[in-house]
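Chemist: Now for the letters of each chain:
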Amino acid sequence: MEIFNTNFILGCSAIGAGLAVIAGIGPGVGQGIAAGFAASAVGRNPGAKSDITSTMLLGQAVAETTGLYGLLIAMLLLFVKPLLP
Amino acid sequence: MGQGILLSGSNDIDFMIHGVFSYEIFGQTVWITTTHVCVLIVMLTIIGFGIAANRAIKHATEVPGTFQNIVEMIVEMLDGMVDSTMGKNGLKFRNYIGTIFIFILFSNISGLLGLRPPTADYGVTLPLGVMTFTLIHFNKFKHQKVSGVIKGLCDPWPIWAPINIIGDIAVPISLSLRLFANILSGTVMMALVYGLLSKIAIIWPAVLHVYFDLFSGAIQTYVFCMLTMTYVSDAIGEN
Numbered sequence: 000m001e002i003f004n005t006n007f008i009l010g011c012s013a014i015g016a017g018l019a020v021i022a023g024i025g026p027g028v029g030q031g032i033a034a035g036f037a038a039s040a041v042g043r044n045p046g047a048k049s050d051i052t053s054t055m056l057l058g059q060a061v062a063e064t065t066g067l068y069g070l071l072i073a074m075l076l077l078f079v080k081p082l083l084p
Numbered sequence: 000m001g002q003g004i005l006l007s008g009s010n011d012i013d014f015m016i017h018g019v020f021s022y023e024i025f026g027q028t029v030w031i032t033t034t035h036v037c038v039l040i041v042m043l044t045i046i047g048f049g050i051a052a053n054r055a056i057k058h059a060t061e062v063p064g065t066f067q068n069i070v071e072m073i074v075e076m077l078d079g080m081v082d083s084t085m086g087k088n089g090l091k092f093r094n095y096i097g098t099i100f101i102f103i104l105f106s107n108i109s110g111l112l113g114l115r116p117p118t119a120d121y122g123v124t125l126p127l128g129v130m131t132f133t134l135i136h137f138n139k140f141k142h143q144k145v146s147g148v149i150k151g152l153c154d155p156w157p158i159w160a161p162i163n164i165i166g167d168i169a170v171p172i173s174l175s176l177r178l179f180a181n182i183l184s185g186t187v188m189m190a191l192v193y194g195l196l197s198k199i200a201i202i203w204p205a206v207l208h209v210y211f212d213l214f215s216g217a218i219q220t221y222v223f224c225m226l227t228m229t230y231v232s233d234a235i236g237e238n
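Sequence order for the protein chains is A and B. Residue numbering for the first sequence follows numbering that gives the first Met the number 0, starting at 0 and increasing by one per position. Residue numbering for the second sequence follows numbering that gives the first Met the number 0, starting at 0 and increasing by one per position.
Derived by calculation from the structure, the hints in this document are not laboratory data. Glycine residues also receive a C-beta, built at the ideal position from the N, C-alpha and C atoms. All the pointers check out, no bait thrown in.
Pair by pair, the computed Cβ-Cβ distance ranges are: (1) Arg54/B <-> Val20/A: 46 to 52 Å; (2) Gly194/B <-> Gly31/A: 28 to 34 Å; (3) His17/B <-> Ile14/A: 26 to 32 Å; (4) Asn4/A <-> Thr229/B: 46 to 52 Å.
Bound conformation, chain B alone (with noise of 0.2 Å):
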């Protein structure tokens, strides 16, 4: 275990990921990744974020100051994207849209702060996948009852169901999947320019970093609670 385990800017091309230490649970060895090591990172930075906003709201004043501001900003910008996606049940799913937003966007952007982005591994992307497929067809079949969701497998002829349900399992891969490279290929970019130019890689790569970090790592953030929320409110139907 080096010194520059969690940067992505070492100067061998070095991308992978790495065991930090490893232990032994029923007889598996399970690794302590980079990975984990990041998010927890980012998630006490949140936490961190979340308490101070917390404070900031219960005493909030008549006329609010700068942090009060920045949050208030933050969570009408966040309710303003659910209201306009998901129209008259954007009401439920608020918080959820708001805090997969927030972590996806702070992942990503970790990149900039010389940390291995989370979102850079299929574990951390595959579950919010998951997430977003669990919650389509719980509330497939809340609305639209277990007749509907029938009906909506067999929905041009019975004989299409099997291309139906394939088409299901493939939302949440190709949700994972479309984070999981665009931000894979940001790392593995700018580890190859600070691999292979590590002579001349000098201040330059910021135009990179705000492509690749912020940029791309915004777009698909973005992207990623959109198709949740269009697939959701497409799942509750017009009832």
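Here chain A stands alone, though its shape is the one from the complex (with noise of 0.2 Å):
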């Protein structure tokens, strides 16, 4: 039987899309790390809270990437396809 087809490789793909974007927890997690360790600094000194927000802000768009690594992997095995021959 001719297993290799079209519609498997596509479910395939559809499968390890799936996968890949669970590397979404881990800059989930770091985000939340980020910005409670922010909150406490707020709490610790109130006058620098726009200074804290900004550099958290940057701190947690730049750990987004590996997420978003993720995302575009998941991306292209749905929409480009490159598996199919």
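Dock chain one against chain two, each of which comes alone in its own frame, and use the hints as you go.
Modeler: Okay, here's the thing in structure tokens:
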């Protein structure tokens, strides 16, 4: 039986795309930790609130990158379909 | 070529780049795509704003009017951002950083007006990353001389050089992919909302637009410019 047909590859690509966006867990935890530390920093030094907020947002946006790489892989698998012969 | 070819929010799930028309040059087929048209619209908007701002500043009055106030506020904000990040080196980079800030910001929030954001195309963000890369290395060679660059490559030991080179090459790729993936994820999310919930997607997607287009777009613009400035002032060094 011919099993490596188009539908099989598409199905496996969908599973792979689902697995790839698990990468979102890491940035989620990291951004939460950053926000928590920023909150405690504001509690200790309320005068520096604007500086802390901008630093936190910058750090979070950089930390987000790894999760977005996972999203990018999922997008490639779903829409560009590189595995199809 | 349909009516809604430029729109990100048409009735089916549709966020891909479309070709508008193609032409032949040197035996190659070159497509003019949605991205070109959207970049053109964004650029025309910025050029129009620039001409209006130029006229307003040329006829500047002692007590500034509304438009002159806005222009002065924008310029002061951008200059302040560059100066606070780059210190005394900031003076030379005000124009460049201000330009890419305004371009990326307008591109990112053009999703609000129903365009497909040009920055959701890797062909737009990669040149921006390459421009940053060129700026970093031009300034590195200019200010640290060749000996300093070689010393920087062999930072802890000479055997580390390949890893340092890979690290240098990763900078423009990660910069451009970050901007691209953020805006693309917003575009895809909005297309899914409009495509799958087209019957009940009335008014409330405005909240999502505020998050994905305005907030995310502004943050990513800020991050791109901030990282560019940090890398460049790092390349210039202390002297």
